[in-house]
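Undergrad: Sequence:
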Amino acid sequence: MDYKLISTYLDYCKTHKRLSSHTIRAYKNDLMQFYNSDYDNVESYIEQLTRSNIKTNTLRRKIACMKVFYNYLKYQNIIEENPFNQLRFQFRTEKVLPKTIPYDILKSIFIYLERKVIVSKTDYQKQHAERNLLIISLLLSTGIRISELCHIHLKDINLS
Numbered sequence: 022m023d024y025k026l027i028s029t030y031l032d033y034c035k036t037h038k039r040l041s042s043h044t045i046r047a048y049k050n051d052l053m054q055f056y057n058s059d060y061d062n063v064e065s066y067i068e069q070l071t072r073s074n075i076k077t078n079t080l081r082r083k084i085a086c087m088k089v090f091y092n093y094l095k096y097q098n099i100i101e102e103n104p105f106n107q108l109r110f111q112f113r114t115e116k117v118l119p120k121t122i123p124y125d126i127l128k129s130i131f132i133y134l135e136r137k138v139i140v141s142k143t144d145y146q147k148q149h150a151e152r153n154l155l156i157i158s159l160l161l162s163t164g165i166r167i168s169e170l171c172h173i174h175l176k177d178i179n180l181s
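Heads up: the sequence shown begins at 22 in our numbering, then just goes up one per residue.
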């Protein structure tokens, strides 16, 4: 593979596929990284990328970029077979930790709900305000999931 092929492909992406300049820049970086590497085949290069500590989404993008580049080379009859057609990849899924709500915001919510109970004018308003306060209190004090909270029935509660 030489630089001229990469350049021609990037021009093709710009004019025919109408990819954004951001995508073109990312493709160029990914393809140049492979071009400048010491690896003579894509399989070795992908193995090296997998061993490196890049994020899964970055790895997927790099592989996708190279795969479509090799599809282009095959389409242009520059290569006979796309090496990515024989390769299968399994990616680790990164766990995304839930974001927490800052303490001062939680306290403000709790104070607001307590006030709603106090200023309720009708029994209906008071019941709903108490229900909302109970929901937030249960979520905060037990750490249960919202889906678990939604499935709680009166028979599930033991007040003794």
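Everything labelled a hint here was simulated from the structure, so no lab data went into it.
Hints should not be assumed to be uniformly reliable.
Keeping only pairs whose Cα atoms sit at most 27 Å apart, straight-line, the calculated BS3-like set for lysine-lysine is [stated by the list, open to error]:
hint	residue 1	residue 2
1	Lys120	Lys49
2	Lys38	Lys49
3	Lys35	Lys95
4	Lys147	Lys128
5	Lys25	Lys88
6	Lys49	Lys76
7	Lys116	Lys137
8	Lys38	Lys88
9	Lys142	Lys120
10	Lys38	Lys128
11	Lys49	Lys88
12	Lys142	Lys76
13	Lys128	Lys25
14	Lys147	Lys116
15	Lys76	Lys88
16	Lys35	Lys25
17	Lys120	Lys147
18	Lys76	Lys137
19	Lys35	Lys88
20	Lys128	Lys142
21	Lys137	Lys147
These figures come from a predicted structure and were not determined experimentally.
Undergrad: State for each hint whether it applies.
TA: Tested hints:
no.	hint	in the structure
1	Lys120 / Lys49	violated, 34 Å
2	Lys38 / Lys49	holds, 15 Å
3	Lys35 / Lys95	holds, 19 Å
4	Lys147 / Lys128	holds, 20 Å
5	Lys25 / Lys88	holds, 18 Å
6	Lys49 / Lys76	holds, 19 Å
7	Lys116 / Lys137	violated, 38 Å
8	Lys38 / Lys88	holds, 15 Å
9	Lys142 / Lys120	violated, 36 Å
10	Lys38 / Lys128	violated, 52 Å
11	Lys49 / Lys88	holds, 14 Å
12	Lys142 / Lys76	violated, 54 Å
13	Lys128 / Lys25	violated, 61 Å
14	Lys147 / Lys116	violated, 41 Å
15	Lys76 / Lys88	holds, 18 Å
16	Lys35 / Lys25	holds, 15 Å
17	Lys120 / Lys147	violated, 31 Å
18	Lys76 / Lys137	violated, 46 Å
19	Lys35 / Lys88	holds, 17 Å
20	Lys128 / Lys142	holds, 24 Å
21	Lys137 / Lys147	holds, 8 Å
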